[in-house]
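The whole structure should be built from the sequences, with the hints applied where relevant.
Taken in sequence, the protein lines are chains V and L.
In short: position in the first sequence from 1, add 69, done, that's this note's numbering.
In short: position in the second sequence from 1, add 663, done, that's this note's numbering.
One or more hints might be untrue.
Stated by the list, open to error - Partner residues aside, some chain V positions facing chain L, computed with beta carbon under 10 Å:
{"no.": "1", "residue": "F242"}
{"no.": "2", "residue": "A298"}
{"no.": "3", "residue": "L312"}
{"no.": "4", "residue": "Y364"}
{"no.": "5", "residue": "A370"}
{"no.": "6", "residue": "G372"}
{"no.": "7", "residue": "Q378"}
Worth flagging that the hints you see were computed from the coordinates, not collected in a lab.
Don't be surprised by glycine CBs; every beta carbon is placed ideally from N, CA and C.
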Amino acid sequence: MQRFIRRLFVDRFANPILSTLEDAALVSLDGDHLAFTTDSYVIKPLKFPGGDIGKLSVCGTVNDLVVMGARPLYLSVGFILEEGLKLDLLERIVTSTAETAIIAGVQIVTGDTKVVPRGECDGVFINTSGIGVIPLGKGLSDSPFASGDAILISGTVGDHGIAVLSAREELQFQTNVDSDCAPLNDLIFSVLSVSSAVKWMRDPTRGGVAAVLSEMVESKPYGALIYEADIPVRDDVSAVCELLGFDPLHLANEGKVVMVVEADEVNHVLQLLRNHPLGRAAAIIGHITGEGAGYVHVQTAVGGVRRLQRPAGELLPRIC
Amino acid sequence: MKALSRFRDADTVHHIATEIRRLALDRPVRFMEVCGGHTAVIYRSALTDLLPEEVQLLSGPGCPVCVTGNDFIDQAVALAELPEITIATFGDLVRVPGSTRSLTDVRACGCDIQVFYSPMDALTWALKHPDRTVVFLGLGFETTACTLAATLAECVRSEIHNFRFLSSLKTMPPALRALLSSQKVAIDGFILPGHVITVTGLEVFQFIAREFSIPSVVSGFEPSDLMEALLMLCRQIKQDHAEVENQYRRVVRYTGNPQAQALIEKMFEPCDMQWRGFGAIPLSGLKLRPQFSCWDAENIPVEVEPTREHPGCRCGEVLCGIIHPSECTLFGSVCTPETPLGACMVSAEGACAAVYHFAPLSEKV
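Pasting the structure below:
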């Protein structure tokens, strides 16, 4: 997909800001450092345990700004509605969107609505774009990665992926897992406001932790080693993954952040995360390495070392 | 999964590995596993890192997707293109390339392909969509055969007629006999498939010891199960002894599951079957008995393209343990999980995919 995006879009739109393909574009305007991002939400089903497409559309875009070190300020929202969509469902989604924006501290300042004939979209598609400002002196560290830098995650992995899968008809299983969908600005700024040791952040959405870590090291002069035994996973998420043959590291998360932190400061940052309600299960899961440049390796629970599989395409349950 | 945690305990696994080293085998030995589930655990846990150099592991014909030829995919694709047909399938199969196309390719053109974890879920879907004829792609070994048999029995009992089975079910003992008889590759022992033998019992695998004097051990699927099975194999080697042992005693009985065996026997009959890497193996497959022919998708008239295999694909040799995946010139260059040319690179339990995804850089060619 990355190669496809580069070939089709990046090469044609041709500018140095876009070519970095970060979660948000960093731009300067009259001395202010801004972050600007957009995302489209086509999730199915529209409602899932712990959230809905409206809540997701705010959290996803807010989090893309926050992981670049920006305080999110304003969102736009575009709704594409399928003819025949039940009005009460739409009202619940819009209410959820509004409530989430309030919780996230952002204002939805412009929007658009289109209706398409029945069958031409899955109920509702939403696009949100967002602008945030990078506070002076309180962003990410600009130090390059160094061997030994710690990799942290703010909580358990795979909750959103399993919650959404459990709500789909064709894979019938029951769990008590709710999506972790949440805006991360409060959590992240509780760290950035007192620590300058965070070098990099990403929210591990589609493709999970495996995707963001693989992208982090791709073509770089460093690698990463993570410890399977230290990755926080809920027992019920783990059980579903065992049954269906999924790797929790490949599952989507909508309320988690992965960070790279200077080795000397990792315990301080870990405690800051754990002090916050969204970060109670935060854990150190690995570190940056000089060896294995360009790849992520996993020390398995029994002590072997394997490479981290890059997620590819649709999640498919195993056969037997 | 707290109940399984003791079978994943690192100290236990290391202790068993130490016992293997203490045996100090005086020659290299090659043990073949014949279950995709074992392939996956070995690579995901990186178990080979813990073994002494003289113990080498081979992957055999244990991945049901991998041992199924292009002809089955081609037939499924042709059926998918019939307007009234919904193809119901297990997950891995949708991306396996046929002679020219995969199910994913035809799904993108509007064909109805649905992925299910269980054939019973597909039957429930069929009941909700009486206007569709659902064809379930029945691919697997004995473990899958009993779930398909149960589903077919339910179709018969409830007189559900918009459901068909396209069977590519295979049975392990004939394939292992063919592998040993061919002498294509030197094998010093087998790690036998724990879930297949949960159904079949151990007796049908006794020929491995009695006729070929090869040690074998039925193994469970946790890291300590596999490590213990390897220890048991090494002890047999050390004692110059061959028998079929059962490491997976908490699940597998010597007689297997007689009820499952009876149901398979009632609904299916043995037939000759094509295996990738082996060609046709007599009486190594299962097809619907004639009295259930109205549920047999083989009876749906459809034109299927002539079968072609990719000229450079060496999946067959990988499946027999003749070559390591990295010895195929297409591996990792032309043939990748994103652009697979053979089934072994697609399935989550295929040897090529396992090496591509999991082998540490130091092992990659």
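Here is how each hint holds up against the structure:
1. F242: Since chain L brings a Cβ to about 8 Å from V:F242, closer than 10 Å, the hint holds.
2. A298: holds (8 Å)
3. L312: OK, holds: V:L312 within 10 Å of chain L, min 8 Å.
4. Y364: holds (6 Å)
5. A370: holds (6 Å)
6. G372: At about 6 Å, which falls below the 10 Å cut-off, the nearest Cβ of chain L leaves the hint on V:G372 intact, so it holds.
7. Q378: This interface hint holds because 4 Å falls under the 10 Å limit.
Checked against the numbered hints above, the structure violates none of them.
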